[in-house]
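*Asks:* Here is what each chain is made of, one letter per residue.
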Amino acid sequence: EAGVAQSPRYKIIEKRQSVAFWCNPISGHATLYWYQQILGQGPKLLIQFQNNGVVDDSQLPKDRFSAERLKGVDSTLKIQPAKLEDSAVYLCASSLDRGGNTIYFGEGSWLTVV
Amino acid sequence: AQKVTQAQTEISVVEKEDVTLDCVYETRDTTYYLFWYKQPPSGELVFLIRRNSFDEQNEISGRYSWNFQKSTSSFNFTITASQVVDSAVYFCALSYFGAGNMLTFGGGTRLMVKP
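Chains R and X supply the protein sequences, listed in that same order.
Each residue of the first sequence is one higher than the last, beginning at 1 in the working numbering.
Each residue of the second sequence is one higher than the last, beginning at 1 in the working numbering.
One thing to keep in mind: the hints can contain errors.
With a straight-line cut-off of 25 Å between C-alpha atoms, the simulated PhoX-like cross-links for lysine-lysine are [unchecked claim]: (1) R:Lys11 with R:Lys44; (2) X:Lys3 with X:Lys38; (3) R:Lys78 with R:Lys15; (4) X:Lys38 with R:Lys44; (5) X:Lys3 with R:Lys44; (6) R:Lys83 with R:Lys15; (7) R:Lys83 with R:Lys44; (8) R:Lys11 with X:Lys38; (9) R:Lys62 with R:Lys15.
Away from chain X, derived, C-beta distances all over 12 Å, residues of chain R [unchecked claim]: (10) Ile13; (11) Val19; (12) Ala20; (13) Trp22; (14) Asn52; (15) Val73; (16) Lys78; (17) Asp86; (18) Val113.
So, partial list: chain X residues that the calculated Cβ filter (under 10 Å) puts toward chain R [to be verified]: (19) Thr9; (20) Tyr37; (21) Gln39; (22) Leu45; (23) Phe68; (24) Phe91; (25) Asn101; (26) Met102; (27) Thr104; (28) Gly106; (29) Gly107; (30) Gly108.
Rather than coming from a laboratory, the hints here were simulated on the basis of the structure.
Idealized CB from N, CA, C, for every residue including glycine.
Isolated chain X, as found in the complex (with noise of 0.2 Å):
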């Protein structure tokens, strides 16, 4: 069975602080699929990152970049400098080949930065 856990139901954080969102993840799969999305008030997930269980190699992308381990199967996310229009929801989610692209979500993290 494949199941996301996001243990941070809540963050709430400064404007400039860097923040971190853990997640992580079981599948007894060699093919996954690791993904972050963002849910602003509007209630759109919006896609940020996709990667692949072959390929570990961390990746930033202006003030976001993401931290993934297989040897502790975590994917976890940090947002530098935090700013205010980054206050959302951000969920981890998880697919395997053989599931056909279906996402298994976490709970989410409800991130609240304060001006």
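Bound conformation, chain R alone (with noise of 0.2 Å):
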């Protein structure tokens, strides 16, 4: 079974740019998760997609930060104007729903702002 697919991995930008990431679940999962991970600290979730509504975006910096899941699979994660605090792992991640299932995690997209 494939995995969370997650592009690019690694992208470098100049602080003002815009970036995006995207996702694709498991095959079949309903629930989808952005997750940033800071060097040195545990993943913080952002925003979280039951199909193609939001669920919980109460930690999703929407003045730069947007996120959507238009035909409830695959996901786009943007960032306008990105700043060097920004700086981090974004990690997606899905599962089959909302119940206690096992969330699993992709590889992540690495974003450095210079």
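Mind assembling these two chains? They're in different frames, but the hints should get you there.
*Replies:* As structure tokens, then:
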């Protein structure tokens, strides 16, 4: 079974530029998550989708971050404009549903803002 | 509020030693789930185990074992006869039914196994 796919794996941009990350969850998984992991810390949830609807985006900095999952499968996370403190690994994850199911993570997209 | 504490930020052992990674959690919910993930240098979070709050049985999987104790709110992870390939950062995490499966992670424990 294919895992969670993410791209690009690595991205270096200058501050104030924009960047987009793509995620394809495990087939059949209704719930999709974007986590941000700053170096040396545990991952922090940015946004959670159930099919194509947003369940929780309370920790998403909405002035610069946006995410969508238009057809309930793939998802895109965008940052515009980027700040130095956005340097982190962006982890996409998916689960069958929301009721305590195991969450499976992708390899992550490593962002460096210079 | 949910909270997960991994007091050990870094552990170094010599190959073949046993090592225990500690995890203490806080939650007011009676239905919750505990997880352990492994993060090798490649960055991917690899799922190791999931436990629900009603199942306090310890579990063993090869060299890995987990000790879940509700009385002390702990979910500790032991690696027996450690190997160099076990070197990674290990995260303990908690979710509860009312949170829609949102995971709260601890700060992680970096394990270094030296040959």
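*Asks:* Work down the list of hints and note, for each, if the structure agrees.
*Replies:* Consistency of the hints with the structure:
1. R:Lys11 with R:Lys44: With Cα atoms ~20 Å apart, Lys11 of chain R and Lys44 of chain R stay inside 25 Å; holds.
2. X:Lys3 with X:Lys38: Distance of about 19 Å is within 25 Å: holds.
3. R:Lys78 with R:Lys15: OK: Lys78 of chain R and Lys15 of chain R at ~14 Å, within 25 Å.
4. X:Lys38 with R:Lys44: holds, 16 Å
5. X:Lys3 with R:Lys44: With Cα atoms ~12 Å apart, Lys3 of chain X and Lys44 of chain R stay inside 25 Å; holds.
6. R:Lys83 with R:Lys15: holds, 5 Å
7. R:Lys83 with R:Lys44: OK: Lys83 of chain R and Lys44 of chain R at ~18 Å, within 25 Å.
8. R:Lys11 with X:Lys38: holds, 24 Å
9. R:Lys62 with R:Lys15: Holds, because 17 Å separates the two Cα atoms, which is no more than 25 Å.
10. Ile13: holds, 18 Å
11. Val19: holds, 17 Å
12. Ala20: For Ala20 of chain R, whose nearest Cβ neighbour in chain X is about 19 Å away, the distance exceeds 12 Å, so it holds.
13. Trp22: Fine: 16 Å to the nearest Cβ keeps Trp22 of chain R off the interface.
14. Asn52: holds, 16 Å
15. Val73: holds, 18 Å
16. Lys78: holds, 21 Å
17. Asp86: Holds, because the least Cβ-Cβ distance between Asp86 of chain R and chain X comes to about 17 Å, which exceeds 12 Å.
18. Val113: holds, 17 Å
19. Thr9: holds, 9 Å
20. Tyr37: With a closest approach of 7 Å, the Tyr37 of chain X hint holds.
21. Gln39: OK, holds: Gln39 of chain X within 10 Å of chain R, min 9 Å.
22. Leu45: Holds. Min distance 4 Å.
23. Phe68: violated, 15 Å
24. Phe91: holds, 6 Å
25. Asn101: With a minimum Cβ separation of about 4 Å from chain R (threshold 10 Å), the hint on Asn101 of chain X holds.
26. Met102: holds, 5 Å
27. Thr104: At about 8 Å, which falls below the 10 Å cut-off, the nearest Cβ of chain R leaves the hint on Thr104 of chain X intact, so it holds.
28. Gly106: With a closest approach of 6 Å, the Gly106 of chain X hint holds.
29. Gly107: Hint on Gly107 of chain X: holds, closest Cβ of chain R at ~5 Å, below 10 Å.
30. Gly108: Given a least distance of 5 Å, the restraint on Gly108 of chain X holds.
The structure fails to meet hint 23 from the earlier list, while all remaining hints are met.
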